[in-house]
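Q: Top line first, the protein sequences correspond to chains A and Y. Our numbering puts the first sequence at residues 77 to 452. Our numbering puts the second sequence at residues 77 to 452.
I should point out that these hints are in silico values taken from the structure, not numbers from a laboratory. Beta carbons are placed, not taken as given, at the ideal position from N, Cα and C, and that holds for glycine. Be a bit skeptical, because a hint or two may be false.
Unchecked claim - Here are the simulated lysine-lysine pairs, BS3-like style, with alpha carbons at most 27 Å apart: (1) A:119 - A:213; (2) Y:213 - Y:327; (3) A:119 - Y:119; (4) Y:199 - A:119; (5) A:79 - A:119; (6) A:199 - Y:366; (7) A:213 - A:366; (8) A:213 - Y:366; (9) Y:199 - Y:183; (10) Y:213 - Y:199; (11) Y:366 - Y:327; (12) A:213 - A:79; (13) A:199 - A:213; (14) A:366 - Y:318; (15) A:366 - Y:366; (16) Y:119 - Y:213; (17) Y:213 - A:366; (18) Y:366 - Y:119; (19) Y:327 - Y:119; (20) Y:79 - Y:366; (21) A:199 - A:183.
To be verified - The calculated label-pair distances, taken between Cβ atoms and stated as ranges, are: (22) A:426 - Y:209: 51 to 59 Å; (23) A:241 - Y:124: 46 to 54 Å; (24) A:368 - Y:124: 27 to 35 Å; (25) Y:353 - A:368: 28 to 36 Å; (26) Y:353 - A:91: 46 to 54 Å; (27) A:364 - Y:430: 49 to 57 Å; (28) Y:181 - A:368: 23 to 31 Å; (29) Y:190 - A:368: 24 to 32 Å; (30) Y:190 - A:382: 40 to 48 Å.
Number of protein chains: 2
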Amino acid sequence: MSKRFSFAVQASDGLARTGTISTPRGEIRTPAFMPVGTAATVKAMLPESVHATGADILLGNTYHLMLRPGADRIERLGGLHEFMNWDRPILTDSGGFQVMSLAGLRKLTEEGVTFSSHVDGSKHMLSPETSMEIQRKLGSDIVMCFDECPALPADEQAVATSMRMSMRWAQRSRDAFGDRPGHALFGIMQGGVTRELRQESAEALRAIGFDGYAIGGLAVGEGQQAMFGVLDYATGYLPQDKPRYLMGVGKPDDIVGAVVRGVDMMDCVLPSRSGRTGQAWTRRGQVNIKNARHADDPRPLDAECGCPACTGYSRAYLHHVFRSSEMISGMLLTWHNLHYFQELMAGLRGAIANQQLGEFVESFHAQRAAGDIEPL
Amino acid sequence: MSKRFSFAVQASDGLARTGTISTPRGEIRTPAFMPVGTAATVKAMLPESVHATGADILLGNTYHLMLRPGADRIERLGGLHEFMNWDRPILTDSGGFQVMSLAGLRKLTEEGVTFSSHVDGSKHMLSPETSMEIQRKLGSDIVMCFDECPALPADEQAVATSMRMSMRWAQRSRDAFGDRPGHALFGIMQGGVTRELRQESAEALRAIGFDGYAIGGLAVGEGQQAMFGVLDYATGYLPQDKPRYLMGVGKPDDIVGAVVRGVDMMDCVLPSRSGRTGQAWTRRGQVNIKNARHADDPRPLDAECGCPACTGYSRAYLHHVFRSSEMISGMLLTWHNLHYFQELMAGLRGAIANQQLGEFVESFHAQRAAGDIEPL
Numbered sequence: 077m078s079k080r081f082s083f084a085v086q087a088s089d090g091l092a093r094t095g096t097i098s099t100p101r102g103e104i105r106t107p108a109f110m111p112v113g114t115a116a117t118v119k120a121m122l123p124e125s126v127h128a129t130g131a132d133i134l135l136g137n138t139y140h141l142m143l144r145p146g147a148d149r150i151e152r153l154g155g156l157h158e159f160m161n162w163d164r165p166i167l168t169d170s171g172g173f174q175v176m177s178l179a180g181l182r183k184l185t186e187e188g189v190t191f192s193s194h195v196d197g198s199k200h201m202l203s204p205e206t207s208m209e210i211q212r213k214l215g216s217d218i219v220m221c222f223d224e225c226p227a228l229p230a231d232e233q234a235v236a237t238s239m240r241m242s243m244r245w246a247q248r249s250r251d252a253f254g255d256r257p258g259h260a261l262f263g264i265m266q267g268g269v270t271r272e273l274r275q276e277s278a279e280a281l282r283a284i285g286f287d288g289y290a291i292g293g294l295a296v297g298e299g300q301q302a303m304f305g306v307l308d309y310a311t312g313y314l315p316q317d318k319p320r321y322l323m324g325v326g327k328p329d330d331i332v333g334a335v336v337r338g339v340d341m342m343d344c345v346l347p348s349r350s351g352r353t354g355q356a357w358t359r360r361g362q363v364n365i366k367n368a369r370h371a372d373d374p375r376p377l378d379a380e381c382g383c384p385a386c387t388g389y390s391r392a393y394l395h396h397v398f399r400s401s402e403m404i405s406g407m408l409l410t411w412h413n414l415h416y417f418q419e420l421m422a423g424l425r426g427a428i429a430n431q432q433l434g435e436f437v438e439s440f441h442a443q444r445a446a447g448d449i450e451p452l
Numbered sequence: 077m078s079k080r081f082s083f084a085v086q087a088s089d090g091l092a093r094t095g096t097i098s099t100p101r102g103e104i105r106t107p108a109f110m111p112v113g114t115a116a117t118v119k120a121m122l123p124e125s126v127h128a129t130g131a132d133i134l135l136g137n138t139y140h141l142m143l144r145p146g147a148d149r150i151e152r153l154g155g156l157h158e159f160m161n162w163d164r165p166i167l168t169d170s171g172g173f174q175v176m177s178l179a180g181l182r183k184l185t186e187e188g189v190t191f192s193s194h195v196d197g198s199k200h201m202l203s204p205e206t207s208m209e210i211q212r213k214l215g216s217d218i219v220m221c222f223d224e225c226p227a228l229p230a231d232e233q234a235v236a237t238s239m240r241m242s243m244r245w246a247q248r249s250r251d252a253f254g255d256r257p258g259h260a261l262f263g264i265m266q267g268g269v270t271r272e273l274r275q276e277s278a279e280a281l282r283a284i285g286f287d288g289y290a291i292g293g294l295a296v297g298e299g300q301q302a303m304f305g306v307l308d309y310a311t312g313y314l315p316q317d318k319p320r321y322l323m324g325v326g327k328p329d330d331i332v333g334a335v336v337r338g339v340d341m342m343d344c345v346l347p348s349r350s351g352r353t354g355q356a357w358t359r360r361g362q363v364n365i366k367n368a369r370h371a372d373d374p375r376p377l378d379a380e381c382g383c384p385a386c387t388g389y390s391r392a393y394l395h396h397v398f399r400s401s402e403m404i405s406g407m408l409l410t411w412h413n414l415h416y417f418q419e420l421m422a423g424l425r426g427a428i429a430n431q432q433l434g435e436f437v438e439s440f441h442a443q444r445a446a447g448d449i450e451p452l
């Protein structure tokens with residue numbers, strides 16, 4: 077296994093690429109979807125089940141973990157991998173995104189952000205330096221720069237001001253991260269939906285130099301069209317030989333559109349959150365299992381799916397346990413959703429490798445357009 | 077695999093026996109502990125995980141299943157085994173115990189019990205005949221007679237009157253059950269804590285003739301001493317060549333005491349319910365994982381335990397996820413508890429087979445007396 081962090085593109089089709097990120101904790105096949113394990117658990121899943129879905133890496137949230145159980149405690153307990161029983165790569169966010177959304181509970185200055193814990197009200201400070209320190213204590217394999225991510229829509233001048241501070245914070249993050257062989261630091265491009273600002277941000281990050289480049293600020297409510305509009309040019313501003321990570325995205329069709337535009341990594345709570353609220357994602361679109369039409373349906377959620385929910389249970393059962401508020405409902409639907417998302421990524425990787433991405437994308441949209449399963 | 081229901085005792089030590097119940101769906105090693113899958117799921121567990129703990133059989137609740145999703149629906153969907161993805165033996169209770177506890181919401185006559193659903197308020201009727209019909213629709217392997225189970229303490233005359241009606245209901249259950257090769261019907265002894273009533277009940281049941289005999293009415297608040305007091309004589313009133321099932325029991329020391337007194341089968345929600353409320357059962361006693369003393373403890377719940385919770389996680393992690401209300405908390409602790417209960421049963425079976433039950437019981441109590449793990 078590699079002792080260093082590296083990225084190799086194996087094939088490309090148009091702007092899309094497929095490759096491998098190598099880390100001392102294992103390889104990450106790209107394009108990669110990263111399940112989110114906010115509080116040191118991918119909700120409703122055991123880590124071996126997360127791996128069984130095909131995930132090579134998962135994401136931890138610095139904000140949640142620093143507050144509970146605390147970064148010092150996790151460090152004493154051997155780091156986040158040991159703590160949560162996941163020995164493969166982990167990417168941690170910087171805490172910036174969560175802390176910025178604590179409207180009214182936080183104070184932002186050039187130095188960083190002071191805020192009150194949602195758990196116990198205690199006062200905390202996050203800055204580029206403290207975020208790097210916390211992510212080091214967690215033992216994260218891929219560390220994210222501390223940045224500010226303004227909610228969109230926003231005034232262009234405000235977006236520019238925010239982006240420029242994030243770029244100063246990116247330099248401070250780089251300086252604070254130092255030299256940690258085997259661990260990677262990713263910069264985060266900001267700039268809203270303004271091409272010139274995105275370009276300025278990318279150039280600032282490239283001047284500093286990172287192991288990978290994230291595209292931030294595109295999962296904050298601006299919609300798919302605006303997101304694709306930015307991606308159409310944004311990936312081109314980033315180095316060819318480094319991974320590109322689109323943060324907080326997304327729905328299956330967002331993922332497909334992002335990969336087509338040259339994105340290598342994504343993360344989203346969607347598959348697990350949907351699983352706990354009775355929403356299943358399938359190749360034929362979304363299924364709301366709480367709908368009464370499933371109550372007597374002996375068919376699986378998706379007859380072509382090989383996950384435990386689809387191979388072992390009827391829609392009628394999934395409907396029953398959801399209606400009965402049984403934990404197995406969230407367990408099975410989360411597993412299914414994560415399995416589907418990973419299967420989608422595997423399909424994208426295979427299509428790119430075979431120069432058949434166009435056909436794959438066409439088939440993806442055709443299956444969804446055909447709609448959910450026929451009525452009984 | 078056997079096409080008929082049968083029971084063979086392989087060894088005994090004192091009053092305790094170990095043997096095998098054979099059914100068309102598989103063998104049940106006795107003494108057996110049956111996890112409870114009330115609403116077609118052992119809460120927080122996938123069925124393959126329930127089997128991995130060592131369970132040969134699980135219990136379903138007629139009352140809950142008849143109300144949601146409904147017995148007709150389960151029958152249409154292929155029966156309870158197919159519905160819940162468990163192809164091994166299932167025992168169903170008669171619904172009597174749950175329906176009797178609906179104080180104020182039910183009306184009891186010689187015919188049966190009318191009651192209102194806790195799910196939607198709809199009116200329902202349970203009688204020996206309807207209970208047999210519902211359990212047949214569910215496809216249960218071991219069917220329980222419909223009986224009345226009065227809460228203790230109760231007036232002896234009231235207990236006698238209730239027991240005698242339950243014996244008339246036992247005859248009606250037997251008649252309604254008919255001849256169903258491969259499926260078993262168990263009678264249920266009642267009579268409270270009065271020896272003469274227990275004897276009268278046993279004789280009534282033996283005169284009717286059943287595939288197995290349950291001891292009812294001992295998990296309703298009378299305490300361990302009274303329960304053991306009844307078991308001291310009650311098992312002796314039952315046939316040697318049929319399984320004896322103590323209903324709704326219990327804590328690990330209840331189980332050990334019952335096995336010593338000749339009980340072959342038990343069931344209880346305790347390990348799964350405890351698991352969801354942060355209570356772990358170990359060979360060294362009970363551990364309350366929400367206690368702050370576990371917050372920094374890198375040691376497993378029980379270093380000698382081979383379950384996923386003990387081999388993969390620290391007490392600190394289990395404490396963190398319980399405090400954070402994460403589903404993995406209930407998943408891991410339930411698994412641990414069921415694993416421990418099944419390991420206890422395996423230990424009891426081995427000790428009986430080797431004529432070492434006395435030593436086993438002594439060691440069981442000594443380990444518990446030593447108390448939970450040392451402070452760090």
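Q: Checking each numbered hint in turn, tell me which of them this model violates, lowest number first.
A: 2, 4, 5, 7, 14, 15 and 20
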